[in-house]
Amino acid sequence: MSVLTSLFSRKERRLREAGWGWSLFAGIVSLIYFFPVLWIIMTAFKTREDALATPPVFFFTPTLDNFIAVFYRVAQTGSGEAIGTGMGGFFFNSIFVATAGVFLALVIGTLASYGFSRYPLKGNDTYLFVVLTTRMLPPIIVIIPIFLMFRMAGLSGSYIGVILLYAAFNLPFSIWMMKSFFDELSPDVEDSARMDGSSEFGVFFKMCIPQLKAGLAATAVFAVILTWNEFLFALLLTSTDTRTVPVAMARTIGGEIGVEWGLLAAIITLFLIPVFGVTYLLQNHLLRGVTFGTIKK
Amino acid sequence: MSTIQVTNLTKRFGDMLAVSGVDLDVAAGEVLCLLGPSGCGKTTTLRMIAGLETTSDGEVRIAGKRVNEIAPSERDIAMVFQFYALYPSLTVAENLGFPLHHEKLPQAEIDNLVSEVARKLELTDVLHRLPGYLAEGEKQRVAVARAIIRDPNCFLFDEPLSRLDVELRQTMRGQIKEILDGLSKATVIVTHDQLEALTMADRIAVMRDGKIEQIASPHDIFTKPKNLFVAGFIGTPQMNLQEAVLTGFEGTRVRSRLPTKPSRWPSILPFKIWTVVAR
Chain A
177 MSVLTSLFSR KERRLREAGW GWSLFAGIVS LIYFFPVLWI IMTAFKTRED
227 ALATPPVFFF TPTLDNFIAV FYRVAQTGSG EAIGTGMGGF FFNSIFVATA
277 GVFLALVIGT LASYGFSRYP LKGNDTYLFV VLTTRMLPPI IVIIPIFLMF
327 RMAGLSGSYI GVILLYAAFN LPFSIWMMKS FFDELSPDVE DSARMDGSSE
377 FGVFFKMCIP QLKAGLAATA VFAVILTWNE FLFALLLTST DTRTVPVAMA
427 RTIGGEIGVE WGLLAAIITL FLIPVFGVTY LLQNHLLRGV TFGTIKK
Chain B
794 MSTIQVTNLT KRFGDMLAVS GVDLDVAAGE VLCLLGPSGC GKTTTLRMIA
844 GLETTSDGEV RIAGKRVNEI APSERDIAMV FQFYALYPSL TVAENLGFPL
894 HHEKLPQAEI DNLVSEVARK LELTDVLHRL PGYLAEGEKQ RVAVARAIIR
944 DPNCFLFDEP LSRLDVELRQ TMRGQIKEIL DGLSKATVIV THDQLEALTM
994 ADRIAVMRDG KIEQIASPHD IFTKPKNLFV AGFIGTPQMN LQEAVLTGFE
1044 GTRVRSRLPT KPSRWPSILP FKIWTVVAR
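First to last, the protein sequences are chains A and B.
Under my numbering, residues 177 to 473 are what the first sequence spells out, in order.
Under my numbering, residues 794 to 1072 are what the second sequence spells out, in order.
Here chain A stands alone, though its shape is the one from the complex (with noise of 0.2 Å):
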């Protein structure tokens, strides 16, 4: 808001519609990002030929044998039999892993902030800056330990493994995200219901969380598109039945006919649907949680 009110004079605060010229010049730009992912999206439904033709073609024939393709083939053997690839799996896989780690994340996050913010330790601010300083090393430098670890404590390759390495990496954004949601709230509410005889939970989810619905769906947005996409870790800590899908994807390349492009094109297409669906529901929150308390009401 504040660059678009200061582009205008004063006197035209109003808010004003934009000509057709700027329409077309942001639909175009719009484009220009979106391209990568319409390509995609046109490559999934591409017989190989199209896929693979030069110049690109941009009119074809829409298969969708490549969907099939995703989670059926043709059974070596000769016999012409399909046989399930398990890629179904590793989808249930990638929901699963990144809900239940994202919903622990952002429960103790939550908890972890209300406590940062109203409870403050002495070193409050000490304590804020380790939690953040384990985001700030590239995640590879720890994989060898992790490993190890995972591997001695037997959760190498379970689903508990890597929902629980999964909270554990969100949780520092989560923490200082909602921490900041919590500062923006009055505690003068808080402290209004404690006088009415409300007890600390009452307090904590009767009237902190009600106003942080905003600041929680933002959270989870972009603690889900994190999860979602993460690869490095996946590929070292899941096993055949925990395979999410970015392991299971980088498997597909290589084969016998080279890179099967629409069938890597279809397998983003499918991945790319509920990140889609999370961010599309949750868009209004999104706004208003990425601007909350940026203006003073």
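Quick caveat, the hints were computed from the structure, so don't treat them as lab data.
Quantities reported herein were computed from a predicted structural model and do not represent experimental measurements.
Each hint should be verified, as a subset may be incorrect.
[Said to hold, decoys possible] When the alpha-carbon atoms are kept at most 25 Å apart in a straight line, the in silico DMTMM-like pairs for lysine to aspartate or glutamate are as follows:
1) Lys1004/B / Glu846/B
2) Lys389/A / Asp367/A
3) Lys970/B / Asp918/B
4) Lys897/B / Asp367/A
5) Lys382/A / Glu887/B
6) Lys382/A / Asp974/B
7) Lys298/A / Asp808/B
8) Lys382/A / Glu931/B
9) Lys1004/B / Asp850/B
10) Lys970/B / Asp364/A
11) Lys970/B / Asp944/B
12) Lys970/B / Asp1002/B
13) Lys382/A / Glu896/B
14) Lys932/B / Glu360/A
15) Lys932/B / Asp367/A
16) Lys382/A / Glu902/B
17) Lys858/B / Asp818/B
18) Lys389/A / Glu376/A
19) Lys298/A / Glu360/A
20) Lys913/B / Asp974/B
21) Lys382/A / Asp850/B
22) Lys382/A / Glu867/B
23) Lys298/A / Asp850/B
24) Lys1019/B / Glu1043/B
25) Lys897/B / Asp364/A
26) Lys389/A / Asp904/B
27) Lys932/B / Asp364/A
28) Lys298/A / Glu846/B
29) Lys382/A / Asp904/B
30) Lys897/B / Glu376/A
31) Lys858/B / Asp367/A
32) Lys382/A / Asp808/B
33) Lys932/B / Asp359/A
34) Lys858/B / Glu846/B
35) Lys932/B / Asp904/B
36) Lys298/A / Glu862/B
37) Lys1004/B / Asp808/B
38) Lys1004/B / Glu852/B
39) Lys382/A / Asp869/B
Since chain A is already given, all that's left is putting chain B on it; use the hints.
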């Protein structure tokens, strides 16, 4: 009996002495205003009485009982916050009913009390609304209604009118005063607006730097300020102060003369000469 007694109340934040040795005594049915400039410790004093802030020293007694170690919810007091602190996710009716849930009243009785207090403060039309959709004056009335719906031992108001515009402030001042008169509870109002203090209070306690400078009735505070600070703080326009030289005593009165070169020229407004006397 609805009384508040505060003796030697002290609050330290680290090395900073926010409130030091405050003594207050509010009788039942009396309205005491804590008046002072920003940061003088008046809100901290109020919060200590409410139990939202721990005391470093001293004692708070409500209805004759020491409450230092008792949680705010058990002190049986109602407080109106500066920014109203309405519960944003609850409707006005739920906001009003909230303090009653703690008392484990049957729902029918809660509804009765809510509609009764809503009628008293003209809130019947907005009972189903969320606080975010209320006008500023309505929010203020909801905050007051939520405080009086219970029958608490005493009332605490933290700058109750500071967010209202001048016109609303005047009407609300009268309305609050009227309600308080009908309830005969010990009430403490924190304000930095002397007009508010002078019109609403039975007694005013002027505070500065964590200490009470003077406690007296509004009339006495205005006409007989105890020291230079109170004299300078109260009154619009300010009381004119003029340095003078003490020349002698005549019974209970003093004689003084202006220095040949006044250090500060008196303003053209009607003023009275303030003589600084060593007692």
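Each hint tested on the structure:
1. Lys1004/B / Glu846/B: holds (18 Å)
2. Lys389/A / Asp367/A: Given that 25 Å is the threshold and the Cα spacing comes to 20 Å, the pair holds.
3. Lys970/B / Asp918/B: holds (23 Å)
4. Lys897/B / Asp367/A: holds (20 Å)
5. Lys382/A / Glu887/B: Satisfied, since the Cα-Cα distance of roughly 12 Å is no more than 25 Å.
6. Lys382/A / Asp974/B: violated (34 Å)
7. Lys298/A / Asp808/B: Answer holds: Lys298/A to Asp808/B is near 16 Å, not above 25 Å.
8. Lys382/A / Glu931/B: Distance of about 23 Å is within 25 Å: holds.
9. Lys1004/B / Asp850/B: holds (14 Å)
10. Lys970/B / Asp364/A: The given pair, whose Cα atoms are some 24 Å apart, holds under the 25 Å limit.
11. Lys970/B / Asp944/B: holds (17 Å)
12. Lys970/B / Asp1002/B: violated (28 Å)
13. Lys382/A / Glu896/B: Roughly 18 Å between the alpha carbons, so the hint for Lys382/A and Glu896/B holds.
14. Lys932/B / Glu360/A: holds (20 Å)
15. Lys932/B / Asp367/A: Within the cut-off at roughly 17 Å; holds.
16. Lys382/A / Glu902/B: holds (22 Å)
17. Lys858/B / Asp818/B: holds (13 Å)
18. Lys389/A / Glu376/A: holds (19 Å)
19. Lys298/A / Glu360/A: holds (21 Å)
20. Lys913/B / Asp974/B: holds (14 Å)
21. Lys382/A / Asp850/B: violated (34 Å)
22. Lys382/A / Glu867/B: Measuring from Cα to Cα gives roughly 20 Å; hence the hint holds.
23. Lys298/A / Asp850/B: At roughly 22 Å apart (the allowed maximum being 25 Å), Asp850/B and Lys298/A satisfy the hint.
24. Lys1019/B / Glu1043/B: holds (21 Å)
25. Lys897/B / Asp364/A: Holds, at roughly 24 Å.
26. Lys389/A / Asp904/B: Distance ~29 Å between Lys389/A and Asp904/B Cα, so the pair is violated.
27. Lys932/B / Asp364/A: The hint holds at about 15 Å.
28. Lys298/A / Glu846/B: holds (18 Å)
29. Lys382/A / Asp904/B: holds (20 Å)
30. Lys897/B / Glu376/A: The hint holds at about 18 Å.
31. Lys858/B / Asp367/A: OK: Lys858/B and Asp367/A at ~22 Å, within 25 Å.
32. Lys382/A / Asp808/B: Violated: Lys382/A and Asp808/B sit about 36 Å apart, past 25 Å.
33. Lys932/B / Asp359/A: holds (23 Å)
34. Lys858/B / Glu846/B: holds (18 Å)
35. Lys932/B / Asp904/B: holds (20 Å)
36. Lys298/A / Glu862/B: holds (23 Å)
37. Lys1004/B / Asp808/B: Holds, because 16 Å separates the two Cα atoms, which is no more than 25 Å.
38. Lys1004/B / Glu852/B: holds (16 Å)
39. Lys382/A / Asp869/B: Holds, at roughly 21 Å.
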